[in-house]
Amino acid sequence: MLRIILRRLAATIPVMLVVAVVVFLMLHLSNGDPAAVIAGDNATAEDIAQLRTSLGLDRPLLEQFVQWIWQLAHGDLGASIFNRVPVSTMIAQRVEPTLALTVLTMTIAVLLAIPLGVVSAWRVGTWVDHMIMALAVAAFSCPVFLIGYALVGQFSRTWKLLPVQGYTPLSEGLVPFLLHLALPAVSLGLIYTALLARMTRSTMLEVLGEDYIRTARAKGLGVVPVLLRHGLRNAAVPIVTTIGLGIALLIGGVVVAESVFAIPGIGRLTVEALQQRDYPVIQGVILVSSLVYVLVNLLIDLSYLLLDPRIRY
Amino acid sequence: MHSRRNILAGVSASALLASSIGQGRAQGKSQAGKIKTLKAVVHADIKILDPVWTTAYITQRHANLVYDTLFAPNSKFEPQPQMVESYTLSPDGLRYSFTLRPSLVFHDNQPVRPADCIASIKRWSARDPMGQLLATFMTDMAVVDDRTFSMTLKEPYGLVLDSLGKAGSPPYIMPERLAKTPANEQVTDPTGSGPFMFKKDEWRPGNRAVYMRHPGYVPRAEPPDYLSGGKIPKLDRLEWIYIPDNNTVLSALQAGEIDYFEAPPLDFIGMLRDSPDITVLTIDSLGVQGLIRPNTLFPPFDKYEGRQALLHLIDQAEYMGAVVGDASLYMPFCGAYFLCSSDNATEVGSEPMRKPDYAKAKALLAQAGYVAGQKIVVLQPTDRPQYNAATTVLISGLRKAGVTVDVQAADWSTITARRARRDPPDKGGWHLFITTQGGPDTAMPVSNVWFNSRCERANPGWACDPELEKLLTAWAREPDRAKRHAAIEEIQRRAYVSVPYVPFGQFFQPVAFRKNVTGVLKSGQPVYWNIDKS
Chain A
7 MLRIILRRLA
17 ATIPVMLVVA
27 VVVFLMLHLS
37 NGDPAAVIAG
47 DNATAEDIAQ
57 LRTSLGLDRP
67 LLEQFVQWIW
77 QLAHGDLGAS
87 IFNRVPVSTM
97 IAQRVEPTLA
107 LTVLTMTIAV
117 LLAIPLGVVS
127 AWRVGTWVDH
137 MIMALAVAAF
147 SCPVFLIGYA
157 LVGQFSRTWK
167 LLPVQGYTPL
177 SEGLVPFLLH
187 LALPAVSLGL
197 IYTALLARMT
207 RSTMLEVLGE
217 DYIRTARAKG
227 LGVVPVLLRH
237 GLRNAAVPIV
247 TTIGLGIALL
257 IGGVVVAESV
267 FAIPGIGRLT
277 VEALQQRDYP
287 VIQGVILVSS
297 LVYVLVNLLI
307 DLSYLLLDPR
317 IRY
Chain B
708 MHSRRNILAG
718 VSASALLASS
728 IGQGRAQGKS
738 QAGKIKTLKA
748 VVHADIKILD
758 PVWTTAYITQ
768 RHANLVYDTL
778 FAPNSKFEPQ
788 PQMVESYTLS
798 PDGLRYSFTL
808 RPSLVFHDNQ
818 PVRPADCIAS
828 IKRWSARDPM
838 GQLLATFMTD
848 MAVVDDRTFS
858 MTLKEPYGLV
868 LDSLGKAGSP
878 PYIMPERLAK
888 TPANEQVTDP
898 TGSGPFMFKK
908 DEWRPGNRAV
918 YMRHPGYVPR
928 AEPPDYLSGG
938 KIPKLDRLEW
948 IYIPDNNTVL
958 SALQAGEIDY
968 FEAPPLDFIG
978 MLRDSPDITV
988 LTIDSLGVQG
998 LIRPNTLFPP
1008 FDKYEGRQAL
1018 LHLIDQAEYM
1028 GAVVGDASLY
1038 MPFCGAYFLC
1048 SSDNATEVGS
1058 EPMRKPDYAK
1068 AKALLAQAGY
1078 VAGQKIVVLQ
1088 PTDRPQYNAA
1098 TTVLISGLRK
1108 AGVTVDVQAA
1118 DWSTITARRA
1128 RRDPPDKGGW
1138 HLFITTQGGP
1148 DTAMPVSNVW
1158 FNSRCERANP
1168 GWACDPELEK
1178 LLTAWAREPD
1188 RAKRHAAIEE
1198 IQRRAYVSVP
1208 YVPFGQFFQP
1218 VAFRKNVTGV
1228 LKSGQPVYWN
1238 IDKS
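Quick mapping for you: the protein sequence lines, in order, are chains A and B. One rule links them: number in our numbering = place in the first sequence (from 1) + 6. One rule links them: number in our numbering = place in the second sequence (from 1) + 707.
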């Protein structure tokens, strides 16, 4: 197991290098100029040119790239062009809201989706199955912002039960923390619930058609042991993969939900940095997100070993 | 061992002691034990703290909180002493002497000294266009005593006080140690002597900026008037929140989660006015001017006729309908380069803009050398709704005049970078773009940056008219305000010949706040002194 982990971790180095090169080139070869944004709407071309020079943006691309890679090799993601705040600090400030939203969203999704998917597969072709799948399609088809605005309208503006926007860190109390995350987590959770429920249903349907399920039933096992012990366990690999990818996507930032609910997370950081061409921030966030993605995939792969002993790497 | 309670008690005791020292210290201290906090949603995220390094409006508003200025304009746009207690001008008009008010202190409790003012003026004049102009007239600044400094000029100059007390990007006074930073390097230490202190430890770029009342601030005794007079910080704490989604801000304001919305979208105004808990107030009597900027480097806009043709495409009602919508928020017609609601307003020369005449525009374009089929590159920012809407109207007008339009749609960041390029339009350059400006700086010929026609040294578009510049220089040299006012018509008449830009309308951006918020000043831009919250 340790050898597998080490081998996979070593394999992330070339992946990260490729990501670094691609991100750097894409950003620096695209249009836009942070100096023009900094100088402001009323700046002259001369002001902008002076700023470019003082920021070192007029140096050869290769020189800028080598300097960035050198910084990275020393564990330094650089600092924002705009406010000189280290990129690592900016990411650290945004990680907690994004992580909290991810955990809560996936908790809601898993708690709802797996029972719904299992029941739907068990009652396949009945009105229960049709109703669950219709709801799943509806939830999956609804844009997050639409669900978000609808929930805000009802729960915040009409019933005044939950706050409209913002984020309260866990350190300021569990109740305000949960109150602020409830609506965004439900908005996002509904979509992941739909996705996961459909995945659970289709995998369970496949498993429930297997010979060993028929054997288990023939032995006289009850519905619940058949579904959970023999069915769900064997359907776990694709479900865990979907959950893992969902977590990785959420950690990478959920721009729309973060914008609608004014949550200062990684997604908003990325979009704002992109709009202003804050190169070090964009590069840093994408690199860290890629690393998280790679690591989550590693964890998913490792979980296969536990879920299915037949799998070997 | 220090408990949190002990530390808080110590801090409270210090604050009480500080606030009790001397009369006239910042008033409006809230009831004991209750921190009076205002939550305001601002129009942009504050990313840069140095008002010299950037001209971004959000940084100017931050600077108004944390820095003080030597002079500030009143509601008649006349510069009034602010940090300055008194000043004198020598009979030959060549030497100003400024004496600072006593008890001015920076946030680090260091006294404000003349050396701080001199260093701040020098740094500002390296970047600001009006500062640069002032510097050309100045020979020297020197410390006279602990509270006084002098400024010596080469020749009399009529805009010394207007420059030091301009509404946008004035010389904000920083400690000398910070003001000595080169103007093209960013100052990141926000120590000033203004009514509020920036809490850098609570700053979360992209989310929140926090300001606390400066206990050592001594406001002037006069009542507040526009940006001048007593700046009384009545709030203990001010939170600037950045929320990118306007629908969310609207909901949060209606739910009482935020108190103040700095720039509600204009199509929300009707709804906000109908809300019983919310006040909508126009704090800027001058308003915002929309403008079309031609690139004078390339045909057909390198000729006067080409630029004059644009005047005949204008239907201001159509532009304002697309940009603003609500007729109560814009002027039916404004032909003044220096804003219709200002002292410098005149309609002289604006006759071609009264009614669109596409045939006349077509003829003038032909005179300027435009040939049918030649592509005119128009930059369209898709992420700025007002600019996007106005650009659509411009494109439609150009097409009606038989122009082939090459629309280059991009985000604002790309547009700002592209418009600074002097390349030919078909090689990454451009012909036309739209922007806006406002406030007292727009209302004055020498500080209206898009009016500046100094060729290479003008803003992108590089308007170039030596005759207009001659008129502006004469205007700036004139020390008599009445005579300056009389010269405006001549300046504007000339401007409508060379057309540095085309004003396509004037509109107003109100603010919205909860009914329990009082004391919001009509100061042209959101300021947070004098505001109270019950």
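Hints are computed from structural coordinates only; laboratory data are not their basis. Glycine included, every Cβ here is placed at the ideal spot set by N, Cα and C. A hint or two may mislead.
As the list claims (entries may be wrong) - FRET-style restraints, in silico, Cβ to Cβ:
{"no.": "1", "chain 1": "B", "residue 1": "Gly-1032", "chain 2": "A", "residue 2": "Leu-167", "range": "46 to 54 angstroms"}
{"no.": "2", "chain 1": "A", "residue 1": "Gln-77", "chain 2": "B", "residue 2": "Thr-744", "range": "35 to 43 angstroms"}
{"no.": "3", "chain 1": "A", "residue 1": "Leu-185", "chain 2": "B", "residue 2": "Gly-1032", "range": "30 to 38 angstroms"}
{"no.": "4", "chain 1": "B", "residue 1": "Lys-907", "chain 2": "A", "residue 2": "Phe-146", "range": "40 to 48 angstroms"}
Structure-based check of all given hints:
In this structure the hint that B:Gly-1032 and A:Leu-167 lie 46 to 54 angstroms apart at CB is violated, the actual value being about 34 angstroms. Checking the proposed 35 to 43 angstroms range against A:Gln-77 and B:Thr-744 shows it holds: the Cβ atoms sit about 39 angstroms from each other. Between A:Leu-185 and B:Gly-1032 the C-beta distance comes to about 36 angstroms, which sits within the given range of 30 to 38 angstroms. Checked against the hint of 40 to 48 angstroms, the pair B:Lys-907 and A:Phe-146 passes, with Cβ atoms roughly 44 angstroms apart.
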